[in-house]
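Asker: Next come the chains, spelled out residue by residue.
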Amino acid sequence: MPSRIQSQARPDSLLINMGPSHPAMHGAVRIMLELDGERILNSEIEVGYLHRGFEKTCENRTYFNLLIYTDRLNYVSPLINNVGYVMTVEKLLGLSIPERAQYIRVLMSELSRISDHLTCLAAMAMECGAFTVFLYKMKAREFLWDVIEATTGARMTTSYIRIGGVRADLHADYEAAVQKGLAETRKVLKDVHGLLDKNKIFLNRTRDIGVMTPENAVNYGWTGPALRSTGIAYDVRKAHPYLTYDRLNFEIPTGERGDNFDRYMVRMREMDQSLRIVEQCLAKIPKAKTGLMADGLEPAEAIRAARTQKPDRPVKLSPNLEGSEKAVTKDILADDRRVTIPPKEETYTSIEGLISHFKYFMKGHGIRPPKGEAYLSVEGGNGELGYYIVSDGTDRPYRLHLRAPCLPLLAAIEELIKGRMVADVIPTFGSMNIILGELDR
Amino acid sequence: MQGNFITTRLNAMLGWGRKYSLFHYPFVTACCGMEYMSAACAHFDIDRFGAGWTRFSPRQSDLLLVVGTISQKQAPVLRTVYDQMTEPKWVIAFGACAVSGGIYDNYAVVQGVDQVIPVDIFIPGCPPQPEMVLDGLIKLQDKIQKTKQDWRWKKQRS
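So the sequence lines, in the order shown, correspond to chains L and C.
When you line the first sequence up against the working numbering, it's residues 1 to 441, in that order.
When you line the second sequence up against the working numbering, it's residues 1001 to 1158, in that order.
Looking at chain L on its own, in the form it has when it is part of the complex (with noise of 0.2 Å):
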């Protein structure tokens, strides 16, 4: 079937395809092009090479199984997804969390919202040429992604954020890793302002190119970085607060033109307010109890000694545990046991924590939220990520939508760039972010 493109293309314009394999086109975009020389007449997108069946996959996951699919949607900064899921998941419990969880929530998203807008950026520039900027913000989410794998234990799809809290606690010295990841994100952003905002070749590509009123930019959906660049400062964390950035100072950067360098502008700016925020976060965190255990007893003994009496040392749970041990439990895990995993040193040693566990995982029990349905909104790396979750009363959603932020983004782009050159369209595709995983779901 031709597509609409084909069927009205002029019979001496020239028609190429733009992806679904380019470089710029993150992967799996495919744009077609109605070319007059090197002018765009007419362009059409085509989505839909990275469906993966995310929301009909989840119908067919626990509550707590389909957290790990969405890691995976907008994979640039997965704990952000994390965060939107267990948040809608929790407005549907009517559940409330410990304060402590709620900073590392708020230090975790903050912390990917730096590497979201970092590697958008790097991306951008890449493709604009400028690869040294490509190395150097590399390198500073090398540093973040240190962070968050420390205390996560992985880097990037991490299932932090669970129903209730969060998995583990922070690690030892995260003081230390946060400060230098920091500095080092500091460091790179100097030398990137330097190296791209008086650029002529930078400039030339950017300034005036893809430019979005204010007006059109709300009436196509846009949210996140991509609007705020118009000059409207909507932001989920200030307009509808969750978690505790009420409590948590920082402004909205804002751009004036809505054109590809506010938008390069307006991420940069807002990393600077990120970088804020985890500063904060730091001062303000409440203090825990220390979970790590030195002399404690190995499982197998701990098991062997509960068949006589409940064992009166602590047990030593296995290195990939660590951070979630039954002393830091109350800090980080809402006081639940509906919702929320035992922890291992009780499923070890005493029947009742066996039994909830099995409970916890067994077909048909599990996470049940009630009748009914919820829709929450977070700040995503671009834009507004929103979870729409209708529970029928089982362990599985009845049906999980997701608000993807990048769709109503590139739903735009066929505007911006028409009557544009081929080459203005990389940018303006670059600034955008759009991240396929969450877009075709």
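No lab work stands behind these hints: they were computed from the structure.
Among these hints, one or two may not hold up.
Computed footprint of chain L on chain C; a stretch qualifies when at least three of its residues, placed anywhere within it, have a C-beta under 8 Å from a C-beta of chain L [what the hints assert, rightly or not]:
#: 1; region: 1017 to 1030
#: 2; region: 1033 to 1045
#: 3; region: 1073 to 1086
#: 4; region: 1103 to 1116
#: 5; region: 1126 to 1132
So these bits of chain L aren't anywhere near chain C, every CB distance computed over 12 Å [unchecked claim]:
#: 6; residue: 9
#: 7; residue: 76
#: 8; residue: 137
#: 9; residue: 319
Ideal Cβ placement from N, Cα and C applies to all residues, glycine included.
With the hints as your guide, set chain C onto chain L.
Answerer: Leaving out everything else, chain C in the frame of chain L:
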């Protein structure tokens, strides 16, 4: 006797040349692309192993990195890209989705790219750590060194 001797040495030399000058084409579709970027950048530096040169054209590359989920819609594109590459060529399936479909066992996802194209090295992980990527690359280099090299002018003479 003499001819055989020269052929084996030439074989080793060609293998050595080929394994340390892999121009790769990253067919990046999904999450694994982030780890591919990490592996390619300064911290892990894939360039140390002679595979630093990323070519975004299949015509200029020897190594196809299938990075990320290949959906049913994407599979024909991948096949086209593979067919456009010139011999000799190698393929690495990067990440659980490319290896076996990973956690996406459903209607939309190809259950392993070896259903579409031949694969030399499988790197598991969701996503694999950059160290694993480098390990996979070294394994591919071993494989290239050990195989009998094929070259056009040899074929024409024999």
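Asker: Determine for every hint whether it applies to the structure shown.
Answerer: Checked hints:
1. 1017 to 1030: Since three or more residues must qualify, the claim that chain L covers the region 1017 to 1030 of chain C holds, with 4 doing so at under 8 Å.
2. 1033 to 1045: With 8 residues in contact (Cβ-Cβ under 8 Å with chain L), the coverage given for the region 1033 to 1045 of chain C holds.
3. 1073 to 1086: It holds: at least three residues are needed, and the region 1073 to 1086 of chain C offers 5 whose Cβ sits within less than 8 Å of chain L.
4. 1103 to 1116: holds (count 6)
5. 1126 to 1132: holds (count 3)
6. 9: Holds: least Cβ distance 22 Å, greater than 12 Å.
7. 76: violated, 6 Å
8. 137: violated, 9 Å
9. 319: Given that every Cβ of chain C is farther than 12 Å from that of residue 319 of chain L, nearest at about 17 Å, it holds.
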